[in-house]
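S.K.: Given the coordinates of chain S, assemble chain R with the ligand onto it according to the supplied hints.
This is what each chain is made of:
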Amino acid sequence: MGSPLAFSFAAIDDAHVPDMMRRRLEEGRGGVPDETLDIEPELGRRRMSDLLSAVAQDGDRQAFAVLFQYYAPRLKTYMRKLGTEAAVAEELAQDAMLAVWRKAASFDPSRASAGTWIFTIARNLRIDMLRKERRPEINIDDPELVPDPAPRADEVMVTEQSERRVHAVMAGLPAEQTEVVKLSFYEDTPHAEIAARLKIPLGTVKSRLRLAMKRFRSELGDDLP
Amino acid sequence: MNATFHPSDEFLMAYGAGSLDESSALLLATHLALCPRCRAEVGRIEALGGAIIEDLEPSDMGADALVSVLAKLDEPPPRPQPRCPAGGPSGLPSPLRDYLPADIDALPWKRLAAGIEQAILLQGRGIRARLLRIGAGITVPEHGHGGMEMTMVLRGGFSDLGRGYARGDVAMADPQVVHSPAADGGETCLCLAVTDAPLKLTGLVGMLVNPFLDL
Ligand SMILES: [Zn+2]
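Chains as they are written, first to last, in this note's numbering: chain S, 10 to 234; chain R, 96 to 310.
Since the hints were made in silico from the structure, they are not lab data. As the structure is a prediction and not an experimental result, all values here were calculated from the model. Please note that a few of the clues may not be correct.
[As the list claims (entries may be wrong)] Computed list of chain R residues with no C-beta within reach of chain S, every gap over 12 Å: (1) Arg206; (2) Glu212; (3) Leu256; (4) Asp279.
[Stated by the list, open to error] Cut-off 25 Å, straight-line C-alpha distance, at most; resulting in silico cross-link-like pairs (SDA-like, lysine to any residue): (5) S/Lys208 to R/Gly242; (6) S/Lys112 to R/Tyr194; (7) S/Lys215 to R/Gln271; (8) S/Lys215 to R/Leu256; (9) S/Lys90 to R/Asp104; (10) S/Lys208 to R/Arg220; (11) S/Lys90 to R/Arg220; (12) S/Lys112 to R/Ser163; (13) S/Lys215 to R/His101; (14) S/Lys223 to R/His101; (15) S/Lys141 to R/Tyr194; (16) S/Lys223 to R/Arg134; (17) S/Lys90 to R/Ala160; (18) S/Lys223 to R/Thr99; (19) S/Lys90 to R/Glu152; (20) S/Lys191 to R/Asp104; (21) S/Lys223 to R/Leu151; (22) S/Lys112 to R/Leu168; (23) S/Lys112 to R/Leu161; (24) S/Lys208 to R/Asp269; (25) R/Lys167 to S/Asp67; (26) R/Lys167 to S/Ser115; (27) S/Lys90 to R/Leu151; (28) S/Lys223 to R/Arg132.
Backbone N, C-alpha and C fix where the C-beta goes; we use that ideal spot for every residue, glycine too.
So that you can see chain S by itself, here it is in the shape it has in the complex (with noise of 0.2 Å):
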């Protein structure tokens, strides 16, 4: 392996870039979004998990580049959204995605997409970093742990499938509900914030998220982990 100086965006293999990202970069560059839209982000997300796994497996640097390029800026705006200054930011999403690089062993495509583990890594990462504290998590080989009743489908496909429909699911709840849902995602002190921040009571905020929450039980079911 070479000098990781040496390594250069433009040597990735153009198989590797996955379309949605492709699109993100044409989209960046004013490019316009062909009639393909529609499954285009499936392809994409679909590709980002292999990515992972040949991180995982192969720690195939092309792939980590690739996933870098798409979900670093992302990681840093998450970062500016719950309020940090944009260079802790930057810093923040570097450091995720060397995490990513040095964790994705643990990723494991039948219990999660590539963008939710990546996301509990960084969320994860903040907790530790900015906050200090430590994220308490179960262990999934610890003795003590209660199994989950039925074996689950643990086949990749149907984690992206249900992963395409949590953006469904997003996209079709009403407004106020993705609004407190999403700001769930962006304080760090949970629910009194977002009442104080909307100016609504606490009691209207717990009621959404719980309408929310009842919404994607009910459209995912268990199918995710």
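M.R.: Below, chain R with the ligand alone, put in the same frame as chain S:
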């Protein structure tokens, strides 16, 4: 046996989104180990997080961002922070075990009232997590709350306001709740409790320093 009483939806959402304080997150994670239903719920919330990230507008990264990260790929990762010694006590789920010594008797237990003792595990952002031991058959005198209280059963059980709570169950008490929980007979009830507003002399803990109690 699976849990019957779960943390409320907004706590599950806050845990999945990453906005919960560490004390509440510890209780949530401990519950998740014992509750497949809530694990599935948090899985859906995390999938939501993934979808939200993917839908965000990209920010401009520094010109050398990718190159500088690629240069770090071969660096040895930082040593993971040491976890608690010797894996903690058996019989308790992993996220909680990480915060405990091998023998929970070694914790700084404080007697609060006859048959009731507590050990503070964690505090921050005005919220505390503690273990509570309530002797078999002990009834906690009626009291109100100055803030939120979440209590999760780890061993034994208790009943409160007509409901029976067993291992894995979470009792959520709003500030308005007035109650008098009673530990089941047979064995000491071990609970993980999280309270906010620790300075108000109300709530279960406030009640426990109430002068009417045997201190
Ligand atoms: Zn539950």
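S.K.: Each of the hints needs a verdict: does it hold here or not?
M.R.: Status of each hint after checking the structure:
1. With a least beta-carbon separation of about 27 Å from chain S, R/Arg206 lies farther than 12 Å from that chain, consistent with its non-interface assignment.
2. Against chain S, the non-interface label of R/Glu212 holds: every CB pair exceeds 12 Å, the least being about 23 Å.
3. Even its closest Cβ contact with chain S, about 20 Å, leaves R/Leu256 beyond 12 Å, as expected for a residue assigned away from the interface.
4. Every C-beta of chain S lies more than 12 Å from that of R/Asp279, the closest at about 20 Å, which supports listing it as non-interface.
5. In summary, the hint linking S/Lys208 to R/Gly242 is supported, as the alpha carbons are separated by about 22 Å, within the 25 Å threshold.
6. In summary, the hint linking S/Lys112 to R/Tyr194 is supported, as the alpha carbons are separated by about 23 Å, within the 25 Å threshold.
7. In summary, the hint linking S/Lys215 to R/Gln271 is supported, as the alpha carbons are separated by about 17 Å, within the 25 Å threshold.
8. For the hint pairing S/Lys215 with R/Leu256, the CA-to-CA distance comes to about 23 Å; that is within 25 Å, so the pair holds.
9. Distance check on the hinted pair: S/Lys90 and R/Asp104 sit about 23 Å apart at the alpha-carbon level, within 25 Å; holds.
10. Proposed proximity of S/Lys208 and R/Arg220 is supported: the alpha carbons are some 23 Å apart, at most 25 Å.
11. For the given pair, S/Lys90 sits about 21 Å from R/Arg220 by alpha-carbon distance, which is consistent with the 25 Å threshold.
12. Distance hint between S/Lys112 and R/Ser163 is fulfilled; the C-alpha atoms sit about 18 Å from each other, no more than 25 Å.
13. Restraint check for S/Lys215 and R/His101: satisfied, since their Cα atoms lie roughly 16 Å apart, inside the 25 Å limit.
14. This hinted pair checks out: S/Lys223 and R/His101 have alpha carbons roughly 15 Å apart, not beyond 25 Å.
15. Between the alpha carbons of S/Lys141 and R/Tyr194 the distance comes to roughly 16 Å, so the proposed pair stays at or under 25 Å and holds.
16. At roughly 15 Å between alpha-carbon atoms, S/Lys223 and R/Arg134 fall within 25 Å of each other, so this suggested pair holds.
17. Among the hinted pairs, S/Lys90 with R/Ala160 is consistent with the structure: their alpha-carbon atoms are about 20 Å apart, no more than 25 Å.
18. Using a Cα cut-off of 25 Å, the hinted pair S/Lys223 and R/Thr99 holds, with the two alpha carbons roughly 18 Å apart.
19. A distance of roughly 11 Å separates the Cα atoms of S/Lys90 and R/Glu152; the hinted pair therefore holds under the 25 Å criterion.
20. A distance of roughly 15 Å separates the Cα atoms of S/Lys191 and R/Asp104; the hinted pair therefore holds under the 25 Å criterion.
21. Restraint check: the Cα-Cα separation between S/Lys223 and R/Leu151 comes to about 24 Å, which is no more than 25 Å; the hinted pair holds.
22. Straight-line distance between C-alpha atoms of S/Lys112 and R/Leu168 comes to about 12 Å, which keeps the hinted pair within the 25 Å bound.
23. A threshold of 25 Å between alpha carbons decides the hint, and for S/Lys112 with R/Leu161 the separation of about 18 Å falls inside it, so the pair holds.
24. The straight-line distance between the Cα atoms of S/Lys208 and R/Asp269 is roughly 22 Å, inside the 25 Å bound, and the hint therefore holds.
25. Restraint check for R/Lys167 and S/Asp67: the C-alpha separation of about 17 Å stays at or below 25 Å, so the hint holds.
26. For the given pair, R/Lys167 sits about 20 Å from S/Ser115 by alpha-carbon distance, which is consistent with the 25 Å threshold.
27. A distance of roughly 10 Å separates the Cα atoms of S/Lys90 and R/Leu151; the hinted pair therefore holds under the 25 Å criterion.
28. Distance restraint check for S/Lys223 and R/Arg132: the Cα-Cα separation of roughly 13 Å lies within the 25 Å cut-off, and the hinted pair is therefore satisfied.
Every hint from the earlier list agrees with this structure, and none is contradicted.
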